[in-house]
Amino acid sequence: MSALTSAPLADPEPVRIQPASGRPGSASPASGVIVSRIVIYGMLLLFAAIYLIPLFVMLVTSFKSMDEIQSGNMLALPRDPSFEPWAKAWGETRVGLTCAGIKGYFWNSIKMVVPAVAISTVLGALNGYVLTKWRFKGHKLVFGLMLFACFIPFQAVLLPMATILGSLGRFGNSLDDVFGTSFGFGNPTVNLVFVHVVYGLGFTTLFFRNYYEAFPTELVKAAQMDGASFFQIFRRVLLPNSLPIIVVTVIYQFTNIWNDFLFASAYAGSGDVMPMTVALNNVVNTSTGVVEYNVNMAAAIIAALPTLFVYIVAGRYFVRGLMAGAVKG
Amino acid sequence: MSTIVTGEVGRPARQTAETRAGMRERMQDILPKIVLAPSFAAVLVFVYGFILWTVYLSFTNSKTFPNYTLTGGRAYERLWGWTFDVDPPSSWYTSITNLGIFGVLYIGICLALGLLLAILLDQKIRGESMLRPIYLYPMALSFIVTGVAWKWFLDPGLGLEQTLHQWGWTSFHFDWIKNKDRVIYTVVIAGVWQASGFVMAMFLAGLRGIDGEIMKAAQIDGATTLQLYRRIVIPMLRPVFLSAFIVLAHMAIKSYDLVVALTSGGPGGSAWLPSNFMYEYTFKRNEMAVGSASAVIMLMTISAIIVPYLYSELREKNR
Chain D
0 MSALTSAPLA DPEPVRIQPA SGRPGSASPA SGVIVSRIVI YGMLLLFAAI
50 YLIPLFVMLV TSFKSMDEIQ SGNMLALPRD PSFEPWAKAW GETRVGLTCA
100 GIKGYFWNSI KMVVPAVAIS TVLGALNGYV LTKWRFKGHK LVFGLMLFAC
150 FIPFQAVLLP MATILGSLGR FGNSLDDVFG TSFGFGNPTV NLVFVHVVYG
200 LGFTTLFFRN YYEAFPTELV KAAQMDGASF FQIFRRVLLP NSLPIIVVTV
250 IYQFTNIWND FLFASAYAGS GDVMPMTVAL NNVVNTSTGV VEYNVNMAAA
300 IIAALPTLFV YIVAGRYFVR GLMAGAVKG
Chain Z
0 MSTIVTGEVG RPARQTAETR AGMRERMQDI LPKIVLAPSF AAVLVFVYGF
50 ILWTVYLSFT NSKTFPNYTL TGGRAYERLW GWTFDVDPPS SWYTSITNLG
100 IFGVLYIGIC LALGLLLAIL LDQKIRGESM LRPIYLYPMA LSFIVTGVAW
150 KWFLDPGLGL EQTLHQWGWT SFHFDWIKNK DRVIYTVVIA GVWQASGFVM
200 AMFLAGLRGI DGEIMKAAQI DGATTLQLYR RIVIPMLRPV FLSAFIVLAH
250 MAIKSYDLVV ALTSGGPGGS AWLPSNFMYE YTFKRNEMAV GSASAVIMLM
300 TISAIIVPYL YSELREKNR
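Residue numbers (numbering that gives the first Met the number 0), protein chains in the order written: chain D, 0 to 328; chain Z, 0 to 318.
Do not rely on the hints blindly, as some may be mistaken.
With a Cα cut of at most 20 Å, we get these calculated PhoX-like pairs of lysine-lysine [claimed, not checked]:
1) D/K220 - Z/K32
2) Z/K62 - D/K139
3) Z/K62 - Z/K283
4) D/K136 - Z/K32
Just a sample of chain Z residues kept apart from chain D, beta carbon distances all over 10 Å, derived [what the hints assert, rightly or not]:
5) G21
6) N60
7) R73
8) K150
9) W151
10) S170
11) F171
12) R284
Think of the hints as simulated: they come from the structure by calculation, not from any bench. C-beta atoms are modelled at their ideal positions from N, C-alpha and C, and glycine is treated no differently.
Go ahead and model the full structure; you've got the sequences and the hints to work with.
Here it is, written out as C-alpha cells:
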C-alpha cells in the first residue's frame, strides 16, 4: 500500500472485513486454540485500557474538587461530581492577562477554521480538477512541487511569513489611519486563515487529484461535446460525485487547522486573538496562583471536543484522510 | 494548449467543438490555467520563495531583525561549533541528540506496536469495530491536549506515581518528566500513545489486502502461525512498513507542540527537539540567523527522506 500518492480514495471502505477464510487464528483446531484466544483478547483489552486511561483520567479529574484531586486516587470516580471546573474553564479561568475563560479563544478557533477549511477545500477541488481533466504540459512538475510543499517543516517558512505578516499589519495600520478600517490587513485571524489556506493547499490538491484521477474522463469529454463550459462541467459532473472526498478533505483540514499550534503561537501567540490550542497551553502553564488541575483538564477536553466529535461521527472518513494524507501536523 | 485527457491511451481527441466560436474556445483553453495559477503561485512564493529566503537569512548575521548583508556560514559554524564539552551541553547538540533518541524509539515502538495490534485484530476478533476506534482516537487530539493529559498523568506528585503509592506500591518512583536526562523518553511515551493506533490502521489495511489463498497454501504446507507471519505475512507488508516509516519520520522531525505542552522544553531545555530550538532561537533569543540555519538543516533532513520516496511513488504511478 502506498499511502501518499496512490491511496485508493475511491475505494468505499478501505478497512474492509473479509470473510477470513484461511486466517491463521481459525485454522488449527488444536487444544491450544482456546488459550491463544484468551491471550489475544486479553492483550487487546489491555491495550484498549492503556489507550483509554488518559482520556478517562482527564474526564474524572475535570469533575473533581481540588481537595479530592490532591488527596485522592486519579483513577477513582469523582465522589461529588461538579460541573464547576467546566464552567470555570469556559468562562472564568485565567488566560494570559485576562480572566474570562477560554470561550473567546474557542470562538477564535472557529472563526479561523471555518473559512480556512472552506477556501482550501474549494481551491483543492479546482486544482485537482485541472490537474486531472485539463492537463497541460508540465502538469506533473506542478503537482510534484505542490506535493512536496506538504512535507516541508514549517520552520523553514516561519520567519519569512512572520516578516510578511508584520508588513501587512503595518499596511493595515496605515489603511486604518486613512479609511478608518484596516480591511482585515494585520488581523490575526485573517492572517491565520491565509497561512492555513496556503500551507493546506498541497494536501487538498493531493486529495482531489487522486480522487478525480479515477473519475471517468469520458463523462467530462461527453459534457464538453455538449458544449458545457469548464465550470459547468465541474459543477454538474464532478461536484455531485465528490461527496466522499469532500468529507475526507474537510475533516482532514478541520482537524489539522484546529489542532495547529506552531503557526498559531508564532502569529497569534498572545492577547485575546489566540486560537484555542495556544490559549490552552497558556491556561496550563500559567505561573500565577494555585494550579487548578480540574479546570485545566476541563479546558483540555473542551479544546479536544470538536475534533473528537468529528472523529466519533465520521471516523471512517477521518481514517481515510489520514491514510491518504498520511501525515498529521 | 490544454486538451482533455482521454484515458491513459491518449486516443486522438475528436474536437467537433472546434467549429464553435473561437473566442469561447480560447477562453476554455486558458481558464484551467487561470484557475490553477493562484494556488501554484502561492506555493511557489510562500513555500519555495520563503525557503530560499530562510536559506539566505541563515547566511547573514541577523539577530532580532533580518539583516540582508551576507556574512558567510557563520551561523552554521556556530551551530556545529557548540559541543557537548560544555556543561550543560549546547542546545543544538541536545536537540539533535534528542531527535535521535526520540526518532528511533518513536518510530521503532510505533511500528512494533502498530504491527502487533494489527495482527491481533486480524484474528477474527469479536467487537473489532469497537476496539479499532479506541486505538485510533488519540490521533484526533491536538498534541497540546495530549501533552496536557500526559503531563498530569506522569506528574510524580499527582498522577501515576501517587496512584500506585495509594495502592500500596510505595517504593514506586517515576519522575522522568522532571529529570533532564529522562524527560525526552516521556515525549516518546506520549508520542507513541498518540500515533501507534494510526500505524495499526495502516498495517491492518495492509493485512486485509493480503490474498487469503497464499496463507491457506502455506498452512497446507504445514507452516505454523509464527512461521506464517514471520516468513510470509510480514515480508509482504514491506510497502506498509515503508509508508509508515516515512510518515513517522516526517512527524518526528516536525514534532514541536508535544514537547512544549508536555515538558515546556524540559529542565533547562533538555527536552528540546530541533523544531523547538529553531523557534526559541528565532523568536525568543534574537538569534535569527542561527534559527534559520537550524530550519535549513531540518528541511534538508526531511527532504533526504521524502524526495526519494515521492520520486519513486510518482514514477511508479505514472508507469
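Taking the hints in turn, this is what the structure says about them:
1. Between D/K220 and Z/K32 the alpha-carbon distance is near 18 Å, which keeps this suggested pair within the 20 Å criterion.
2. The straight-line distance between the Cα atoms of Z/K62 and D/K139 is roughly 40 Å, outside the 20 Å bound, and the hint therefore fails.
3. A hinted pair counts as satisfied when its Cα atoms are at most 20 Å apart, and Z/K62 with Z/K283 qualifies at roughly 11 Å.
4. For the hint pairing D/K136 with Z/K32, the CA-to-CA distance comes to about 11 Å; that is within 20 Å, so the pair holds.
5. With a least CB separation of 14 Å from chain D, Z/G21 remains clear of the 10 Å interface cut-off, as annotated.
6. No beta-carbon of chain D comes within 10 Å of the beta-carbon of Z/N60; the shortest separation is about 15 Å.
7. For Z/R73, the condition that its CB be more than 10 Å from all CB atoms of chain D holds, with the nearest at approximately 17 Å.
8. For Z/K150, the requirement that its beta carbon stay farther than 10 Å from each beta carbon of chain D is not met, with the minimum near 7 Å.
9. Once the 10 Å rule is applied to beta carbons, Z/W151 is inconsistent with being away from chain D; the minimum gap is 6 Å.
10. Residue-level check passed: Z/S170 sits 18 Å from the nearest beta carbon of chain D, beyond 10 Å.
11. Every CB of chain D is more than 10 Å from the CB of Z/F171 (nearest about 14 Å), matching its label as outside the interface.
12. No beta-carbon of chain D is positioned within 10 Å of the beta-carbon of Z/R284; the least distance is around 13 Å.
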